[in-house]
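J.: The chain contents come next:
Number of protein chains: 2
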Amino acid sequence: MDQVTVNFQDAQQAFLLLKSMDKDKIAGFLEEMAGQIDGIREELIPTAARESHLPEGRITGELGRTLGQIRLFSQVVAEGSWVEATIDKADPERKPAPKPDIRRMLRPLGPVVVFGASNFPLAFSTAGGDTVSALAAGCPVLYKAHPAHPETSRMVAEAIKNAVRTSGLPKGTFQHIEGGIETGQLLVTHPLAKAVAFTGSFRGGKALFDACNAREQPIPVFAEMGSVNPIFVFESYLSEQVEATAAAYAGSLTLGVGQFCTNPGLIFIPKSTEQAFSKAVVSQLKQSAAAPMLHEGICHNYYQALETLSHAREIEWLLASEPGELLTGNAALAKVSASDWLQEDAFQEEVFGPFGIMVVYESEADLIALAQQLKGQLTCTVWGMPNELERSGAFLNLLEEKCGRLLFKGVPTGVEVGHAMQHGGPFPSTTDSRSTSVGVHAIKRFVRPVAYQDMPQALLPKALQEANPLGIRRKVDGEWM
Amino acid sequence: MDQVTVNFQDAQQAFLLLKSMDKDKIAGFLEEMAGQIDGIREELIPTAARESHLPEGRITGELGRTLGQIRLFSQVVAEGSWVEATIDKADPERKPAPKPDIRRMLRPLGPVVVFGASNFPLAFSTAGGDTVSALAAGCPVLYKAHPAHPETSRMVAEAIKNAVRTSGLPKGTFQHIEGGIETGQLLVTHPLAKAVAFTGSFRGGKALFDACNAREQPIPVFAEMGSVNPIFVFESYLSEQVEATAAAYAGSLTLGVGQFCTNPGLIFIPKSTEQAFSKAVVSQLKQSAAAPMLHEGICHNYYQALETLSHAREIEWLLASEPGELLTGNAALAKVSASDWLQEDAFQEEVFGPFGIMVVYESEADLIALAQQLKGQLTCTVWGMPNELERSGAFLNLLEEKCGRLLFKGVPTGVEVGHAMQHGGPFPSTTDSRSTSVGVHAIKRFVRPVAYQDMPQALLPKALQEANPLGIRRKVDGEWM
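Chains B and C are the protein sequences, given in the same order. Numbering-wise (our numbering), the first sequence opens with residue 1 and increments by one. Numbering-wise (our numbering), the second sequence opens with residue 1 and increments by one.
Don't take every hint at face value.
Copies of the same chain look alike in the list, so a pair counts if it fits in one copy or across any two.
As the list claims (entries may be wrong) - Derived lysine-lysine pairs resembling DSS-like cross-links, with alpha carbons at most 27 Å apart:
(1) K462 - K409
(2) K271 - K99
(3) K19 - K375
(4) K335 - K206
(5) K89 - K444
(6) K23 - K462
(7) K19 - K444
(8) K25 - K402
(9) K286 - K206
(10) K19 - K402
(11) K444 - K462
(12) K23 - K161
(13) K444 - K375
(14) K402 - K171
(15) K444 - K402
(16) K444 - K475
(17) K95 - K409
(18) K161 - K19
(19) K475 - K402
(20) K402 - K89
(21) K444 - K161
No lab work stands behind these hints: they were computed from the structure.
Extracted from the complex, chain B is given alone in its bound form (with noise of 0.2 Å):
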């Protein structure tokens, strides 16, 4: 606890600091981070493979992802624009009263609380976009390591510090934590703490979501805690292509052994093409080379929510998996009918790990009911031609409800960062449809808007200072300029 509170007070120092630095300074400190982490490659990729179990061409593509988003936030910063500037003038002539002058920009919270996850060492963890997305919005970042890959996040931590110093930034910019569940607990509680992100489990997210609405100053808490991610196809669609259907949802169901938040674990499909479907993936399953997962603790999780499963006398197994040596994640599949499906909740729980079920469904008529039935998603996911897609609009409207992204080519796993990306989706997805934590707009979590009234030029933040000294868009008595 006294661990806790001294770096808090750290934290906070260096909040106050950081809400006034220049932009400049923060997205070069941003850059210098990036080429911090890009030094340690050759040491960090096999450790972070080694405790991932995790093969190292994939760590290295996620490496080059998590040193992308550095460099896109970097640059998100250095623009300015973010901040949505907006000046209403004063008019002092006008009647009844005069009209003050009236400043508005978004202003970081303060001291963030981050949870790394352990399906991406690198990614979404210790340098991950939560962390990266706040201290772009000048939030320090208290980073509650992932005990499942402790080398690779002290190394990460190590090489942030090393930018948090050559860059001159106050040492409460970024602290690394290592501890267990009571540790997270208390350091969200904190009075001092101001917003929290996680990536994980629902229940490791409904906690500390719970956790912080409890306390005397409830704070945001953005927990992503994953989806099943349906995909829904037509008929015709899946007559004419049953192969190249079935290689896709398979490969998407087993990328990264099932273990990441948008594999596509539930997959609707019509009744006229059960049996090929079937068959052609439980044969891409069977192909498909089986792999260790994360850890233990994921690997019994996994099998035992099979295991549970497989007392429901709904489900048809079309393809069986027993644990494996060590950590290996075996592919299942098991089938069960629309109507049973809407009887039962269980069937649409997310199980981590490459598990998927296959639901049949009678008509085009059904869909409107499953859609209704499913809970909320990071994605959801639907196949089919050019005049089954235009008939279905109610459906269409119905699904849009469920989810925050809805794609209609390819599948879910591999979400791009940019700017139109929306990784968050209505609960129990995630804790807030309202945000996102991939893409630029994952900095919008951890700011608020704030306005300054007749504020002397002198004192304002340079964003809103008249003559634009940062040159960056602004909205002015309404227009964009």
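Model the placement of chain C on the given structure of chain B, informed by the hints.
T.: Here is chain C on its own, set in the frame of chain B:
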């Protein structure tokens, strides 16, 4: 309970239509709504004045503000760029994997439950900012009428329903519901409710916040719960203009019989000018005409709060106040030393009515500790000479953390409706400091981003179609177009 269930089905049906409706139809409906309300002004003004005990002049002004807000949102909707349309175009040639087409925009959340406020029977009630910004976003509104002005609420509700009919919108677009606390709880805990807006007491807002977080699917609650809106006065500033400062303070304190969310219930003044300033404020307060408060409950609570505070030994009463005839709210002023204020949270709790606490500080160096102790506020105001402000960077930096709007001239009462306004501060002033309930950004409370990946052009919302048929400002591949 049955009635509530039926209402929500209508609201949900309306939502599924509204969210794909032409923006001009919604903008036209808002214009029509303003026209319908304006059309009943001759009966509405006396009714609202009678029920609220507010003078007709004040109600007339409030009606103007209400109509202005509705028309502003009509313009925002008609212009259309508020949806933040963002397009990242596909790149089929990208290596190692082709880049998909992703298009993102803000979409309405669903049915919104709005609670009216007693202190603004028009501008924060039936057709107030919460209702209008939710409708503008495309969210149906279930409006829970405030029992303090039932006739006013019914009249405005009928005008809105007329506009719904005339404009050809679904009848579930707006519903007017009367009832007590239990009805409110039923409304916000209904599975189809997707957000809540509230203006009122801390107790009421916090109860809704807790109820909505405890739902199976938690939903956002935007509760504006009040504030003491402290004013900090520097020594040179005050000593040069004692009378004018006293007049400004007393005027803002007693405006609307102290029943605004922005009345400055706290003022921090330097010890050197204590005597002169106290005398001037008391003189001003004695001259202010006593007026009736909104209703019996508020009047009772006001004198009850003063009675409770009268037992505090640390307080010296500069102007005591006794209940007068009927609902009269007589102004009261108390004085406490900065060191005593720091020790007692009760001295910064909102007393709804024309009561102020004057906190006397010894020196500028005390200001940091005072700002640190302060709870979250809608506004903070600082009155100082340029040189006093310029040397107070650390104090101002801290103070910004405690409010949504920071003023340097004028008084916090009088909240401009515009682009740069921020009416929402850190807890407990509101439940979500990242939102505003006044100004164009109020619409952002009732939306979430949705990304469409590789969606066929014909199915895309118009705002995202390639040809930009709405002609709105969009971000394409990172550049504003």
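J.: Of the hints stated earlier, which fail here?
T.: Violated hints: 2, 4, 9; rest satisfied.
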